[in-house]
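Counted from 1, the sequence shown has number 232 at position 232 by UniProt numbering; the numbering is strictly sequential.
Treat each hint with caution, since some may be false.
Derived Cβ-Cβ restraints for the label pairs, each shown as a range [claimed, not checked]:
| no. | residue 1 | residue 2 | range |
| --- | --- | --- | --- |
| 1 | T253 | D99 | 28 to 38 Å |
| 2 | I155 | D99 | 58 to 68 Å |
| 3 | R114 | Q85 | 36 to 46 Å |
| 4 | R114 | H81 | 14 to 24 Å |
| 5 | Q85 | S300 | 14 to 24 Å |
| 6 | E161 | R66 | 17 to 27 Å |
Since the hints were derived computationally from the structure, they do not count as laboratory data. All C-beta atoms, glycine included, are put in the ideal place defined by N, C-alpha and C.
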Amino acid sequence: MAHKQFTMDDIILIEKYYLADVTTSRIIEIMGKKQPVYDVINFFKTGKNSKEFWEQRKTKQSRCGRKRLKLSVEEEGHVEHLLRQKWSLDMIANHHKADSTFLAFSMGATTLYRRVREGMFDKHLLPMKGKRKPNGHKEKRGKQAFTRNIAQRKIDHPNVEKEFGHLEGDTIVGLKHKSAVVTFAEPLSKMIFTFKPASRKAKDVGRVITDWLNHLPAHFFKSLTFDCGKEFSNWKDISNANDIDIYFCDPGTPSQRPLNENSNGILRRNGLPKEMDFNKVSETFIQSMSDERNRIPRRSLGFKTPMQVFVEEIHNNLGQAISLASLQKWAERTFCPSAV
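Build out the structure end to end from the sequences listed, making use of the hints.
See below:
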């Protein structure tokens, strides 16, 4: 068991006893430690004093412990580049676990975050810009009654948490509440989808959703879950036109659509801010925002990208009847048109 080291006062006290010709056994009895006392006494016998003993010990201590990890010039440049591509440090440090061709770093995410705090990298390049909302944060929304509550979803789809194809939906509102972007998120793959309706009116929001679903195979997605916004008041028309179940969260509970709520925050910080008039940007630009996020690896996905997992889920649901390569090409054309 490691002994507790003497303080500077202890060493000075031992020196006084030594100079006063107190026996070593008596000093050990007073100090209560055998070996440390012998070490100090033997040091004094060489003609040195307590100050020199203390300085020697501090010098030895400075050589102990793990050496500070350093990033190579290549690694530092790579981190800077990926941060500007909106990757988190966790993704950067661990993506090599899912992709063997990716550069493996000499330090983990925790150490990289420490380097940010030390000023090596600009904290404003981080996804959260160095800031986070407090735990338990809740937003208050306008209340509106809907007949198909989210509680019914668990009854209709008992395995909803483990089943592919249950989308969470919402809108991101633009400048002066005059424009909006419709957003969806698929929980298992973390895929994000963004669309530009002609306006915030329910008929235009419903039209853009129906047009999208019409271009997909029947029952490709199993359900949609929205918040209680009035822009989804035409939900029955969407449900009937596409033969899909639609549910609504309880008022003021964004936590019932956690992935969609989090994804909207990411999109807000990375290209779709509140100050933007979405009427003045193209559909291609709107979709490119989600395409970019879908190509960034996620820790919760084993450091795979949402697109990778999305294709794998489709492959599994089709019983592997179609090759992964073919599904990848189809998914790129269908869900990432801005990148094709």
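Tested hints:
| no. | hint | in the structure |
| --- | --- | --- |
| 1 | T253 - D99: 28 to 38 Å | holds, 37 Å |
| 2 | I155 - D99: 58 to 68 Å | violated, 40 Å |
| 3 | R114 - Q85: 36 to 46 Å | violated, 22 Å |
| 4 | R114 - H81: 14 to 24 Å | holds, 20 Å |
| 5 | Q85 - S300: 14 to 24 Å | holds, 19 Å |
| 6 | E161 - R66: 17 to 27 Å | violated, 41 Å |
The structure fails hints 2, 3 and 6 (numbered hints given earlier, in ascending order).
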